[in-house]
Each structure stands twice: as C-alpha cells, then as structure tokens.
Amino acid sequence: MALNVTVTQFAGGVTENNLDLNSTSSYLNALCGKYGLEATYLISPGGILSNIISPSAVPNPIEFLVSGSSLIADGGGSATISSFIGFNLLFIRNGISQSTIDNGSSYFTYDKTTGTFNCFPNATTDELFQLYPFI
Amino acid sequence: MNTIEDIIKIAKISQYLSQNDIENKGLYGGGTDFLLPRKLYNIRKSVEWANNNKIQEVDAIGYIKIDSSTGSWTSIEIFVNDPILGVISFGESYYLGSDDPAVIANTLLYDCIAIATAYGYTLENPLATPDTIKITAPAGRGAEINGGNNLYVEIL
Numbered sequence: 001m002a003l004n005v006t007v008t009q010f011a012g013g014v015t016e017n018n019l020d021l022n023s024t025s026s027y028l029n030a031l032c033g034k035y036g037l038e039a040t041y042l043i044s045p046g047g048i049l050s051n052i053i054s055p056s057a058v059p060n061p062i063e064f065l066v067s068g069s070s071l072i073a074d075g076g077g078s079a080t081i082s083s084f085i086g087f088n089l090l091f092i093r094n095g096i097s098q099s100t101i102d103n104g105s106s107y108f109t110y111d112k113t114t115g116t117f118n119c120f121p122n123a124t125t126d127e128l129f130q131l132y133p134f135i
Numbered sequence: 001m002n003t004i005e006d007i008i009k010i011a012k013i014s015q016y017l018s019q020n021d022i023e024n025k026g027l028y029g030g031g032t033d034f035l036l037p038r039k040l041y042n043i044r045k046s047v048e049w050a051n052n053n054k055i056q057e058v059d060a061i062g063y064i065k066i067d068s069s070t071g072s073w074t075s076i077e078i079f080v081n082d083p084i085l086g087v088i089s090f091g092e093s094y095y096l097g098s099d100d101p102a103v104i105a106n107t108l109l110y111d112c113i114a115i116a117t118a119y120g121y122t123l124e125n126p127l128a129t130p131d132t133i134k135i136t137a138p139a140g141r142g143a144e145i146n147g148g149n150n151l152y153v154e155i156l
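Just so you know, the sequences run in chain order D and E. In terms of this note's numbering, the first sequence opens at residue 1 and continues consecutively. In terms of this note's numbering, the second sequence opens at residue 1 and continues consecutively.
There could be a bad hint or two in this list.
[As the list claims (entries may be wrong)] Here are the computed lysine to aspartate or glutamate pairs in the EDC-like style, where the Cα-Cα straight-line distance is at most 16 Å:
(1) K54(E) / D20(D)
(2) K65(E) / E77(E)
(3) K45(E) / D100(E)
(4) K65(E) / D99(E)
(5) K65(E) / D6(E)
(6) K9(E) / E48(E)
(7) K65(E) / D131(E)
(8) K45(E) / E38(D)
(9) K34(D) / D21(E)
(10) K12(E) / E48(E)
(11) K134(E) / E124(E)
(12) K65(E) / E154(E)
(13) K9(E) / E38(D)
(14) K65(E) / D100(E)
(15) K134(E) / D111(E)
(16) K54(E) / E5(E)
(17) K134(E) / D67(E)
(18) K12(E) / E38(D)
(19) K134(E) / E48(E)
(20) K34(D) / D33(E)
(21) K54(E) / E16(D)
The hints are simulated quantities; they were obtained by calculation from the structure and are not laboratory data.
Assemble the whole structure, with the sequences as input and the hints as a guide.
Shown next, in the form of structure tokens:
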C-alpha cells in the first residue's frame, strides 16, 4: 500500500462518576422545603457595602501660604488634589472656613470624584490656605 | 438555580431550622416530620461526599498521522467505533496528486470535518504537526472509547 498511516487510538477519556449527584442534590434541595427558602436568604449576600474607608486612611491635611510655587500659586484659583479623591473637603482660608455657596463672599467648589478644587476669588500671596479632607 | 455547593450550605442551615422548628412547635412538632433534620443530615452528607469525590468527564483524544505516500492509492476513509452510535464514517478523501503528508492530512480533515462535527467529534490539524489529525471524542463517551480499535482508517 502506498499510503502509510499511523493511527493512535483514543486515550485519556475519563467517565464521569457522579451522574446521580445532580438529581440527588435537587432532591436534597426540595427536601429542605420552607426551611430551604429561609436558608437561601441567610446564605445570600445581603448587599454590597462599597467605599468603606478606615479613618486611618484619610489623607493628611494640606496647609500652605500662597506663594509663586505653592499648590495654588499666586493668582491661581484651581488645583487637582488627587490624594483627596473620594473624600469631602473642608477649606479654611485665612482662618475663615469657606462655603461652597456663592453668596458674594469668597467660596470654593470641590469635586470629590475628580479631586478638582477651585477657590474664588483667586489666591494672593501670603494667604493661608488649609485644606482638610474628611469622610 | 442553586449550585451543589449552595444546596449543601442550604441543607446544613435547613437541618438546624427544622430541628428548631420541631422543638418549638410543641405537640407533634406542629406536623413537621420528626425525622426531617436527620434526613437532611444524611442526604446532605451523601451529596457532600459525592461532590468532594466527583470525577469530571475528560474527552478522549485520538490521532491519525499520515507517515508517507508514494501515490498509488485512491482513497482514505476514517471510521470510529462510537460506544453510543456504533461504527460511523467521517467521510473519505481522494488522492489529489500530492504525496506531501501535510497536504493529505489537511485534505482529509477538510473532507471529514463536517460529518465528524455533526456527530460531536472535533477534528483539528495542529500547526506543530501538520501531517496529523487530532480527533477529540464528544462528551458522554468518557473512558469507553479508549483503546481497542475504535479509531481506524480504510485505504483503497
């Protein structure tokens, strides 16, 4: 014969040994009856609590006198404080706590998702800025 | 749909709940089967044992390797003696003028793959061994198809 072929027989097949397992476990599930319903509720996850932050994880406050090289430089009014992302912010300017409400006085805006901070009016040299993150 | 692992957990808790219920219901356990906690325990232990010792099915694999060809043949046909379906043919391939084992294997694969797939078998032509056809048995055959002469070819 002019065509030579090597046949390697089937190997490695393993027969499942737990054919009754599914049906028996279904029977067990049914046998649990009304208790199973309660038990199902007990073993189910009750929900997810996300963003639980330990107080020790709160970043350190930032304090500085406005200068040409400070976090918010002289004449500037915005900064992205990435270390504060996820936290709320208390902003004290020259010893006076600031509000996010524009009532004609100075105020600030802060996006806790992006850490974007803006103060109004713009910073001037030697102003004392105190930024306190909190949960 | 609860998994087996879930059902085992549920049964453990149900055993406690049913036992507690029977004891709190007073006379006749409120109609609850007194043996229910024990039944739950026994069957749960059986399921747990079987689940811990289960063996998953592994599909058997066979190979057909074209060693050499000198041209004077007409056709080659693949047969499988399937434990469920009996003897089946995947089809045949004809000599097309090339003696290259890789070409013959590739042609044979092309000619047989449709029927093989219809029967649940998987045919492959591994890149590393282009002269070889790898045949994977479908689910449900387990170890029954191993060995013997369940895979063979007919060359005319």
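Structure-based check of each hint:
Proximity of K54(E) to D20(D) is assessed by CA-CA distance (about 11 Å); at most 16 Å being required, the pair is judged to hold. Taken as a hint, the K65(E) and E77(E) pair is honoured in the structure, with Cα atoms around 13 Å apart against an allowance of 16 Å. Our distance criterion of 16 Å between C-alpha atoms is broken by K45(E) and D100(E), whose separation comes to about 59 Å. Restraint check for K65(E) and D99(E): the C-alpha separation of about 14 Å stays at or below 16 Å, so the hint holds.
Among the hinted pairs, K65(E) with D6(E) is inconsistent with the structure: their alpha-carbon atoms are about 46 Å apart, more than 16 Å. Taken as a hint, the K9(E) and E48(E) pair is honoured in the structure, with Cα atoms around 10 Å apart against an allowance of 16 Å. At most 16 Å may separate the alpha-carbon atoms for a hinted pair to count; K65(E) and D131(E) meet this at roughly 6 Å. Proximity of K45(E) to E38(D) is assessed by CA-CA distance (about 20 Å); at most 16 Å being required, the pair is judged violated.
Proposed proximity of K34(D) and D21(E) is supported: the alpha carbons are some 11 Å apart, at most 16 Å. Proposed proximity of K12(E) and E48(E) is supported: the alpha carbons are some 11 Å apart, at most 16 Å. Proposed proximity of K134(E) and E124(E) is supported: the alpha carbons are some 5 Å apart, at most 16 Å. With a CA separation close to 13 Å, the supplied pair K65(E) and E154(E) stays within the 16 Å bound.
A threshold of 16 Å between alpha carbons decides the hint, and for K9(E) with E38(D) the separation of about 12 Å falls inside it, so the pair holds. Of the supplied pair hints, the one linking K65(E) and D100(E) holds, its CA atoms being roughly 12 Å apart against a limit of 16 Å. For a cut-off of 16 Å, the pair hint linking K134(E) to D111(E) stands: about 14 Å separates their Cα positions. Taking the CA atoms of K54(E) and E5(E), the gap is near 13 Å; set against the 16 Å cutoff, the hint holds.
Between K134(E) and D67(E) the alpha-carbon distance is near 14 Å, which keeps this suggested pair within the 16 Å criterion. Taking the CA atoms of K12(E) and E38(D), the gap is about 12 Å. The hint holds against a cut of 16 Å. Taking the CA atoms of K134(E) and E48(E), the gap is about 37 Å. The hint is violated against a cut of 16 Å. A threshold of 16 Å between alpha carbons decides the hint, and for K34(D) with D33(E) the separation of about 13 Å falls inside it, so the pair holds.
The hinted pair formed by K54(E) and E16(D) meets the criterion: a straight-line CA distance of about 8 Å does not exceed 16 Å.
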